[in-house]
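Each chain, letter by letter, is given below.
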Amino acid sequence: MMFKISNLTYQYEKNKLALNNINMDFSKGNVIGVIGSNGSGKSTLFMNLMGILKPTSGEILFDEKKIKHDKKSLYNLRKDVGIVFQDPEKQIFYSMVYDDIAFALRNIGINEETIKERIHEALEAVNGIDFINRPIHFLSYGQKKRVAIASVIAMKNKIVLLDEPTAGLDPISTRLIIDIIKKLSKNNVKVIISSHDMNLIYDICDYTYILNKGNIVEEGLTEEVFINEDKIIDAGLELPWLVKVCKNMNFPIFKNERDLYKYWNEKIENVEFIRKKSIEKVT
Amino acid sequence: MMFKISNLTYQYEKNKLALNNINMDFSKGNVIGVIGSNGSGKSTLFMNLMGILKPTSGEILFDEKKIKHDKKSLYNLRKDVGIVFQDPEKQIFYSMVYDDIAFALRNIGINEETIKERIHEALEAVNGIDFINRPIHFLSYGQKKRVAIASVIAMKNKIVLLDEPTAGLDPISTRLIIDIIKKLSKNNVKVIISSHDMNLIYDICDYTYILNKGNIVEEGLTEEVFINEDKIIDAGLELPWLVKVCKNMNFPIFKNERDLYKYWNEKIENVEFIRKKSIEKVT
Amino acid sequence: MIEIDKYAYTNELRDMNPNIKVSIGAAILLLSMLISNIILSIGTVLLMSVIIVFIAKIDLKSYIKLLKIPITFILLSIIVTLINISKDPKLLIYSVNIGNLYIGVSDQSINTCIHIIGRSMSCLTCVYFIILTTPFNQLIFIFKKLHISDTVIELSMLIYRFIFIFMEEVADIRQSQELRFGYINLKTSYKSLGLLVNLLYKRMMIRYEEMCISLDVKLYDGTFYIVGDE
Amino acid sequence: MKKFKQWKLGLVAALMLIVLNPAISNAMHIMEGYLPIEWSIIWSVIFIPFFLVGLKSINKIVKENPKKKVLLALCGAFVFVLSALKIPSVTGSCSHPTGVGLGAIMFGPSVMVVLGTIVLLFQAILLAHGGLTTLGANAFSMAIVGPIVSFLIFKLLKKKNINRRWTVFLAASLGDLATYTITALQLAIAFPSSTGGVAASAAQFLGIFFMTQIPIAIAEGLLTTIIYDLVTKN
Chain H
93 MMFKISNLTY QYEKNKLALN NINMDFSKGN VIGVIGSNGS GKSTLFMNLM GILKPTSGEI
153 LFDEKKIKHD KKSLYNLRKD VGIVFQDPEK QIFYSMVYDD IAFALRNIGI NEETIKERIH
213 EALEAVNGID FINRPIHFLS YGQKKRVAIA SVIAMKNKIV LLDEPTAGLD PISTRLIIDI
273 IKKLSKNNVK VIISSHDMNL IYDICDYTYI LNKGNIVEEG LTEEVFINED KIIDAGLELP
333 WLVKVCKNMN FPIFKNERDL YKYWNEKIEN VEFIRKKSIE KVT
Chain C
93 MMFKISNLTY QYEKNKLALN NINMDFSKGN VIGVIGSNGS GKSTLFMNLM GILKPTSGEI
153 LFDEKKIKHD KKSLYNLRKD VGIVFQDPEK QIFYSMVYDD IAFALRNIGI NEETIKERIH
213 EALEAVNGID FINRPIHFLS YGQKKRVAIA SVIAMKNKIV LLDEPTAGLD PISTRLIIDI
273 IKKLSKNNVK VIISSHDMNL IYDICDYTYI LNKGNIVEEG LTEEVFINED KIIDAGLELP
333 WLVKVCKNMN FPIFKNERDL YKYWNEKIEN VEFIRKKSIE KVT
Chain V
-13 MIEIDKYAYT NELRDMNPNI KVSIGAAILL LSMLISNIIL SIGTVLLMSV IIVFIAKIDL
47 KSYIKLLKIP ITFILLSIIV TLINISKDPK LLIYSVNIGN LYIGVSDQSI NTCIHIIGRS
107 MSCLTCVYFI ILTTPFNQLI FIFKKLHISD TVIELSMLIY RFIFIFMEEV ADIRQSQELR
167 FGYINLKTSY KSLGLLVNLL YKRMMIRYEE MCISLDVKLY DGTFYIVGDE
Chain P
48 MKKFKQWKLG LVAALMLIVL NPAISNAMHI MEGYLPIEWS IIWSVIFIPF FLVGLKSINK
108 IVKENPKKKV LLALCGAFVF VLSALKIPSV TGSCSHPTGV GLGAIMFGPS VMVVLGTIVL
168 LFQAILLAHG GLTTLGANAF SMAIVGPIVS FLIFKLLKKK NINRRWTVFL AASLGDLATY
228 TITALQLAIA FPSSTGGVAA SAAQFLGIFF MTQIPIAIAE GLLTTIIYDL VTKN
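Chains as they are written, first to last, in the numbering used here: chain H, 93 to 375; chain C, 93 to 375; chain V, -13 to 216; chain P, 48 to 281.
If you are wondering where the hints come from, they were derived from the structure by calculation, not from laboratory data.
The structure displayed is predicted, hence computed values, not measured ones.
It is possible that some hints are incorrect.
[What the hints assert, rightly or not] Only pairs whose alpha carbons sit at most 30 Å apart, straight line, appear in this in silico DSSO-like list of lysine-lysine:
(1) -8/V to 108/H
(2) 275/C to 248/C
(3) 368/H to 336/C
(4) 280/P to 208/H
(5) 274/C to 336/H
(6) 47/V to 108/H
(7) 207/P to 182/C
(8) 171/H to 173/V
(9) 163/C to 114/P
(10) 323/H to 248/H
(11) 160/H to 47/V
(12) 106/H to 173/V
(13) -8/V to 146/C
(14) 323/H to 236/C
(15) 157/C to 236/C
(16) 106/C to 54/V
(17) 248/H to 96/H
(18) 236/C to 305/H
(19) 250/C to 236/C
[Claimed, not checked] Pairwise CB distance ranges (calculated):
(20) 108/H to 84/P: 41 to 47 Å
(21) 344/H to 355/C: 54 to 60 Å
(22) 246/P to 23/V: 27 to 33 Å
(23) 344/H to 172/C: 36 to 42 Å
(24) 350/H to 43/V: 55 to 61 Å
(25) 65/V to 246/P: 15 to 21 Å
(26) 84/P to 149/H: 46 to 52 Å
(27) 208/C to 342/H: 24 to 30 Å
(28) 209/H to 342/C: 47 to 53 Å
(29) 225/C to 350/H: 49 to 55 Å
(30) 39/V to 246/P: 41 to 47 Å
(31) 213/H to 340/C: 54 to 60 Å
(32) 232/H to 280/P: 32 to 38 Å
(33) 270/C to 43/V: 37 to 43 Å
Think of the CB as a built atom: it goes at the ideal place given N, C-alpha and C, for glycine as much as any other residue.
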């Protein structure tokens, strides 16, 4: 169950390619990152994946079959693939959390009992079971974002696309979202994240694509993708701070903050050891 | 020309203090940061400073005089103090960039010639002179944000409040905003930034207040404010990565990335030197 | 987003004096209204189309696409005028009868239809010339010169700005509803549309409150000045 | 032979209805240049006094609180966007709601005259719906008669304590039908049938309009009821 994109090109108007002959294979990782600055084509890509836009040329395979755009095919696609957009205010329609999460479930005719169960599960997954009977307008922006994610979780999609999941969130809310993504991945949901937050992507994605003006300029395991700094800068992005530090201090590049500190503590012991040794020798 | 806040308390409804007995003195720095998670009271503070909300108790002194809420006093206050809200769409009324920046200037009766000059200056300051004849609805989010800042610059305010100036922006746009803030400060405009982006605040503010549930839990020179990690975490925030790295590696805390690398390079030479020495001795 | 608006800002005549553009368009428009002559109409359509496509450089394909909707529209709505029902078949040049009624076309109805088509098409292309080459922000100064009430001008100016904000909101909300199966049948569609408009309305009221604060901060004095470079 | 002709005619009529249906669904606007100049002028002259009355009441609102300009403009943009929405109709085709009923109930008919006219202007210059030359005629049917009918029905039924949903439904759908009726009459008067005069053409226009517009009026009534319920709930 996954996407494979071959030679996808999408054009909004003449002479302006939003996506230029793109190839992707989402079986290469469990949490996949797509990074790029504004206007790089990230959203257009997601729209194509959801069947909202129709490729100008090339094709998108889902589950080894080419995506078709008739009503029934789209229905089946969207039962397996869910998306959470950046702004939660535009995807929460009801004034009560419960009703809102139930929206899609009720539309496809799931019975109320199952819906109730699913909503409880979903809210637990986003650590928001206490929102269940709260009106939406009492929730903070970050909490609304979690409700939006819960309504996708309740659909039990196999793939979830997240568009800028942490944009505009404060540190606590960001951490909560990261936890949710990790939990999703643990439950075998494939997560595809589009973002221009390099630290987020570096932290949680195992495979990353870099988009620059509609072209994929780099792809690979996340720890390898950021080696070529020029390409990153050229794409209007920046290095994750961890990579920057490691690079500038001539350390090996660590994927994880803790590894850096561990390495450092070992190294320092070593140096201390050497220094001590050297002092011993001198004296 | 500055704000001094003493014992400011603001209460939206009974038993819910949005700001609790706050004291601030904005003469303590040129670029002042107010950090806190969502709901910590940052926006309420700004609204009080602009005279939009009236303190429940305590007072705000501007230019050593207590802010009054009659029409004329507010008019004078707002001629000196400008604010840029987070969402640019809510502060842009005209569909032409030129007219929108001219709006406030025309309201205070400045002549068209001066307006033209000021608009050119302001747009140059935000690196947006090429927007001048473009309709707002053709601009990206980041560009709209710069237009909103330009209209405050054109007012030649002495103090500018920026509410989450970089929220939701990609790295390029963020860098542009940082440049604008630095330029403003160089031109002797006092800038007060509310944000939950720790790295931004650490980079550009010289004095920082930490708000937690309406209370100021810490204040001081920016490099000193982040020493007490517990307070930061307790306020729902996180350390700037630079502080985190320095702390975990037992380095002195640097304000600037470059200083860290410089320090490191010196240290490494030292170590290398010691190591070489030690090897020499051993052999 | 709105195609005509996009062309108005990007066509090759965008910087030409709007007074001239609108005067030319309006004069020929008036002429086509006054003189009902099929040759004149055809001439107008050709002239305007040539200006739009070759001078303003609006892509021919897009221009035809823009014309297609009103043309099918005219052709369809004209059928009612074209067809006559009468008890007397002599009035009609071609007819079929049902019971004692004859349905068909008469000399006069054909004549009227040709005039309608001619006038509509020439008027349409004149107006297209104006709206495809003149951005709304230039039109507003012309409204001002025509001494239209200030309130109406200010409101139009603001409405124009807000239309784009709302269009984007509607598109985004509708899209996320569609992806959550909000439009799979008639019942869900109505429910979804209701929710959409309700959400739009609520957001509008919040927006109003926030904009009032912006107005205060920007020292709004009760007038939205519209100043053109004279 | 005669039988064949009749059969053919039936087929043509059926086809016409199918083809016409979606197009006429949007037919509340009279096209650019469609009306002869005398009728363009006559309808503009009829329209102007109503507009001035509306303008006066708007000026009063704005004078009391100048910020209300922003609110009025937001409402105008709201009505514009509403009229650009596609609503699926019972017959399977899509139509655009006029938003006239909802606007009249929510904002009152005098405000709607001005806002509705500006919205029609934008429809003409941004979407090429309707027209500048037919603005007076269109404004009369859509920004004056429609809202007034909706508003009066709403007030009347509310006073009589009729169930609120029915009140809103009838106000919106009858407002819609009033608009269509006026449009049909405007066309009939401008283009009298060569065989039967105005009466015959009116019968024809109204016939076709009611066939196609009743389902759409019902659709708009339903949608308005749902929206009104939601909006007034909190």
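Are any of the numbered hints broken by this structure? If so, which, sorted upward?
7, 10, 12, 13, 15, 16, 21, 23, 27, 31, 32
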